[in-house]
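S.K.: Following the hints, complete the assembly by docking chain B onto the known chain A.
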Amino acid sequence: MTKEVATRIALTVFLVFHLFCVILAPNSMTYLGQRCSFFVNPYVSFLEMSSQWGFFAPDPGPPPVFIEYEAMGSNGEPLASGYWPEKGDPFFLRERQNRRIGVARFLIATDDRIEKAMGPYYCRQFAKARSVRLWKVVQGMANLHDVSAGKRTIADGKGTERKWVTQYLCPGRS
Amino acid sequence: MERALANAWGRRFTALWWDWCAFWFYSPAPARMRLFRVALGSMLFVFYSIRAVDLMLWFSETGIMPLSIVPDMLPMNYRQSIFFYLSSDAAIWIGNAIYLLALALLALGIRPRYSAGVAFILHVSFLHRDMVPSYGVDMIASFFLFYLCFADYAEKRKQSSGRTMLGSMACRLIQIQICIIYAYSGLDKVKGVQWWGGEALWGVVSNVQIARWDFSFVAHFPLLLVAATYSTLAWEIYFPVLIWFKPLRNFMLLFGVALHIGIGLVVNIPFFASIMIISYLVFLDETVAARIWKKLKQAEMLSVIR
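Residue numbers (our numbering), protein chains in the order written: chain A, 1 to 174; chain B, 1 to 306.
Isolated chain A, as found in the complex:
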């Protein structure tokens, strides 16, 4: 066997393995995906090739979401309040806001995530805060028919839901 043939065979083995993994990884919850997870998962996770590729799918993403916070002082007085991400377009470089929106979309899925990430973060941000109150806000979206009939506008915010998450006590400040 020449060196060239050996190279071709070695590369073919790699290709078959690699393509099998990256094609299966986005569909890992299927029967085949579960059966092969013992070798697919380590490979695609280690190299970070486990993306689902569901851009705007199966339906376009969630409506506008925010995490509302209120930092409370020692006597229960509000020290600061605001939203994550900030409303509107606060940065000159829009990419900075895109990542913040991505974080909000990820955290909003469970109250536990919001508490674990945002509670300690805002405690660090506001040195005098004793606790941080957190809500999740899901802004309502106008449907096509209502807007075309003139009943609503895109940005009217009707149907917005604000749900209580927790009051996080800042460690060592009680």
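In silico DSSO-like cross-links for lysine-lysine, where the CA-CA straight-line distance does not exceed 27 Å:
id	chain 1	residue 1	chain 2	residue 2
1	A	K3	B	K156
2	B	K158	B	K294
3	A	K3	B	K158
4	B	K294	B	K246
5	B	K156	B	K297
6	B	K156	B	K295
Some residues of chain A that are not near chain B, with every Cβ distance over 10 Å (derived):
id	residue
7	M1
8	T30
9	Q34
10	P78
11	K128
12	R162
13	R173
These stretches of chain A come out as covered by chain B in the derived footprint (C-beta under 8 Å, 3 or more residues):
id	region
14	7 to 21
15	50 to 64
16	134 to 144
17	150 to 161
Derived from the structure by calculation, the hints contain no laboratory data. Quick reminder that beta carbons are idealized off the backbone N, C-alpha and C, glycines included.
M.R.: Just chain B, lined up with the frame of chain A:
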């Protein structure tokens, strides 16, 4: 009879093997890969320079995701990061500086395979340190940087050399990867009620958190929305097949460019649009790519690029 059958199957297998080898290992594309490398390296350099403005917010212990809560957010099995072991702010800043330097060297073509390797390791390390703020561009960049570790840019090299074969394979892997992305993205959309109903794009343009402008006026052209929704769906689903038919290739690519420019304008994610359009460079005809490269090299500003 049996021998004749065996010979026939043997010939078929041999032909198939040669087709496989010709596709993967003997389709060198140095000009295409050079254009792709320069464009991708430059774009990622700008993209991650912007991320660096918030570096401490995303990756520092005082930021939003200290190391202790990372496993609570996402399963970290098999995910490794240099920054699990070097977690100080200084290490994060130095890591980011080396990452940006590697991307710049990649774009300039200075030790491009090593640069891609360093960039890939640091890219994955940053991703695994905090996966939460990552999105499409970061995920696609993982694949492209990995494939660029194998790329070859030399024009005059023996076809049978290992480096040429690896280079050819890298280009094909990028092409196939783009097809995988569109196939999954398109087929996943078919599961969506809004895509079936033809109103999915309304769900995008009416989302004030991601839309660039107020698109209320679009509601008065519902048929336009429906047409755009279905054509996006059809194009994504058929891209992985039709891109391989030469007469249709330019149409598929031009439609893709228009689509991604449209998404970039409407949704305010210009870097996602950019990385997808840049990826089309690997589908260019090699002679066209060589001509573009030659023209670029004539420009004084770009003469430093190798």
